[in-house]
Amino acid sequence: MSEIKESKKALFPMTKKERKLLFDPLNDNNPVTVQVLGICSALAVTSMLLPSIVMAIAVTFVVAFSNLAISLLRNYIPKQVRMIVQLVVIAFLVTIVELTLKAYSYPVYKQLSVFIGLIITNCIVMGRLEAFAMANKPWQSFLDGIGNGLGYGVILIIISFIRELFGRGTLLSGTPIEMKIIGASSDFWIDTTTNPYFGWYVNNNLMVLPAAALFIMGLIIWYQRSKNEKLIGIS
Amino acid sequence: MNSSKYIIGFTALLTAFVALVLSLMYTGLKEKHKQNELLFEKRAVLGAIQDKVGKNIADLNDDEILQIFNTNIKQLVLNTKGDVLNPQEVEKKGYKGGKAENIDMKVEMKKPKDARLLPLYVYKGKDGKELYITRLFGKGLWDEISGYLALSSDKNTVVGASFDHKGETPGMGAEMKDNPKFSAQFKGKTIFDKDGKLVSINVRKGGAINKNHDVDAISGATLTSNGITNMLKSSLENYYQYLKK
Numbered sequence: 001m002s003e004i005k006e007s008k009k010a011l012f013p014m015t016k017k018e019r020k021l022l023f024d025p026l027n028d029n030n031p032v033t034v035q036v037l038g039i040c041s042a043l044a045v046t047s048m049l050l051p052s053i054v055m056a057i058a059v060t061f062v063v064a065f066s067n068l069a070i071s072l073l074r075n076y077i078p079k080q081v082r083m084i085v086q087l088v089v090i091a092f093l094v095t096i097v098e099l100t101l102k103a104y105s106y107p108v109y110k111q112l113s114v115f116i117g118l119i120i121t122n123c124i125v126m127g128r129l130e131a132f133a134m135a136n137k138p139w140q141s142f143l144d145g146i147g148n149g150l151g152y153g154v155i156l157i158i159i160s161f162i163r164e165l166f167g168r169g170t171l172l173s174g175t176p177i178e179m180k181i182i183g184a185s186s187d188f189w190i191d192t193t194t195n196p197y198f199g200w201y202v203n204n205n206l207m208v209l210p211a212a213a214l215f216i217m218g219l220i221i222w223y224q225r226s227k228n229e230k231l232i233g234i235s
Numbered sequence: 236m237n238s239s240k241y242i243i244g245f246t247a248l249l250t251a252f253v254a255l256v257l258s259l260m261y262t263g264l265k266e267k268h269k270q271n272e273l274l275f276e277k278r279a280v281l282g283a284i285q286d287k288v289g290k291n292i293a294d295l296n297d298d299e300i301l302q303i304f305n306t307n308i309k310q311l312v313l314n315t316k317g318d319v320l321n322p323q324e325v326e327k328k329g330y331k332g333g334k335a336e337n338i339d340m341k342v343e344m345k346k347p348k349d350a351r352l353l354p355l356y357v358y359k360g361k362d363g364k365e366l367y368i369t370r371l372f373g374k375g376l377w378d379e380i381s382g383y384l385a386l387s388s389d390k391n392t393v394v395g396a397s398f399d400h401k402g403e404t405p406g407m408g409a410e411m412k413d414n415p416k417f418s419a420q421f422k423g424k425t426i427f428d429k430d431g432k433l434v435s436i437n438v439r440k441g442g443a444i445n446k447n448h449d450v451d452a453i454s455g456a457t458l459t460s461n462g463i464t465n466m467l468k469s470s471l472e473n474y475y476q477y478l479k480k
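As given, the protein sequences belong to chains F and R, one line each in that order. Just so you know, the numbering used here puts 164 at position 164 of the first sequence, and the rest follows in order with no gaps. Just so you know, the numbering used here puts 291 at position 56 of the second sequence, and the rest follows in order with no gaps.
Warning: the hint list may mix true and false statements.
[As the list claims (entries may be wrong)] Computed list of lysine-lysine pairs in BS3-like fashion (alpha-carbon distance at most 27 Å, straight line):
| no. | chain 1 | residue 1 | chain 2 | residue 2 |
| --- | --- | --- | --- | --- |
| 1 | R | Lys316 | R | Lys265 |
| 2 | R | Lys240 | F | Lys110 |
| 3 | F | Lys79 | R | Lys412 |
| 4 | R | Lys346 | R | Lys361 |
| 5 | R | Lys359 | R | Lys346 |
| 6 | F | Lys102 | R | Lys361 |
| 7 | F | Lys110 | R | Lys265 |
| 8 | R | Lys364 | F | Lys110 |
| 9 | F | Lys102 | R | Lys277 |
The set of hints was computed from the structure by calculation and includes no laboratory data. Here the structure is a predicted model, which means the values were calculated and not measured.
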């Protein structure tokens, strides 16, 4: 028993505080549903799963490494120009993401188009830099960045899962493991033209529109607040 | 409080570092970006003649796309008088490579009509018949829309079409690209009427009336649909002299 515990300790050498930094943003302090940051891109890119996953990875990368860089530089950054310095670092990382995506995943780059560039203005990034990285050590800041990126990603993936399934009847479209679940042709698993039980089913066009993400996000916030005691009474 | 000297020094150093890394990365990946762009266009060209190629274009990998392009497709550059220009002439006009794929339609459509260069892809299938794939370019509701229209060997009957857009509304205007049923409607339509007049193809709201020249519009996207009609008309007019020959 003790051996297993030892090896576990070696795998995750994290203090309680560090674990809190990493996992709090997934639920108790979620950047989208609790801090209400990064809404714009969450509405725009979530019509399908693949771009959402790519966006989640890109944002996690940018938040984590800009947090790290700013935290390393925090004692040298002149206070008068700190915002501009933060922006330079963010823009630098976002451009790296953009160039890499354009070179190695062109169709996704096309699909995300302007939203990759708009990570620069995603309030989560700047928010974490100002609120956390400017005052904390590099390793903690890095974990905080990963945590917040994942918290954003989780919400994106939940919303896009619902939107793609009910809006288009597919999942992960655009990848090699595309699943065509329900729709009006023989390519789909449930073919509404021949299936005796699903003849009434029509894909909901509202789900493809950005407005649907707003409804779903509202429902997620409602559900989360009804279940999570820590969030009761917080506005 | 830091001194002005320190602030200027710090920002200059940071900016220099960022600029250096990014410019190195950009030049390093430039070739790959270019390749990706050309491949993306090649897929769109083949998308217009999907039925004739006999395979689902989305399932083909990059090498297969290039192979079809190298063996079956001839790239021509025309002027609006219908003459085929040789690659040297095209290079002189500023397009490195001198092939149809190098032509930038955004630049060409701004020129006066006589000075425009037009890309044309000629596909020669197994049956020996040639298909002519014309480039379409125009304005949708929000931004550019573009596409390829494939004509059969009589230079009149449409074999297929593929469309792309930059910023049309998802679920509405964007259906021009996302919904294969829209582009499938173009198959079998003709662009000339009985008297040889260019009537193009109209994307008509409320349903097609003229079965040779109309297709159904996209519901909820009147302005995008009108944009497609205009795009077809203005783009095909450029090719008029060539198609008449």
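Going through the hints against the structure:
1. At roughly 35 Å between alpha-carbon atoms, Lys316(R) and Lys265(R) are farther apart than 27 Å, so this suggested pair is violated.
2. Between Lys240(R) and Lys110(F), the direct Cα distance comes to roughly 43 Å. Violation of the 27 Å bound is thereby established for this hinted pair.
3. Between Lys79(F) and Lys412(R) the CA atoms are separated by roughly 49 Å; this puts the pair beyond 27 Å, and the hint is violated.
4. Between the alpha carbons of Lys346(R) and Lys361(R) the distance comes to roughly 38 Å, so the proposed pair goes past 27 Å and is violated.
5. Proposed proximity of Lys359(R) and Lys346(R) is contradicted: the alpha carbons are some 31 Å apart, above 27 Å.
6. At roughly 35 Å between alpha-carbon atoms, Lys102(F) and Lys361(R) are farther apart than 27 Å, so this suggested pair is violated.
7. Between Lys110(F) and Lys265(R), the direct Cα distance comes to roughly 16 Å. Compliance with the 27 Å bound is thereby established for this hinted pair.
8. For the hint pairing Lys364(R) with Lys110(F), the CA-to-CA distance comes to about 34 Å; that exceeds 27 Å, so the pair is violated.
9. Note on Lys102(F) and Lys277(R): the hinted pairing holds, with a Cα-Cα distance of about 17 Å set against a maximum of 27 Å.
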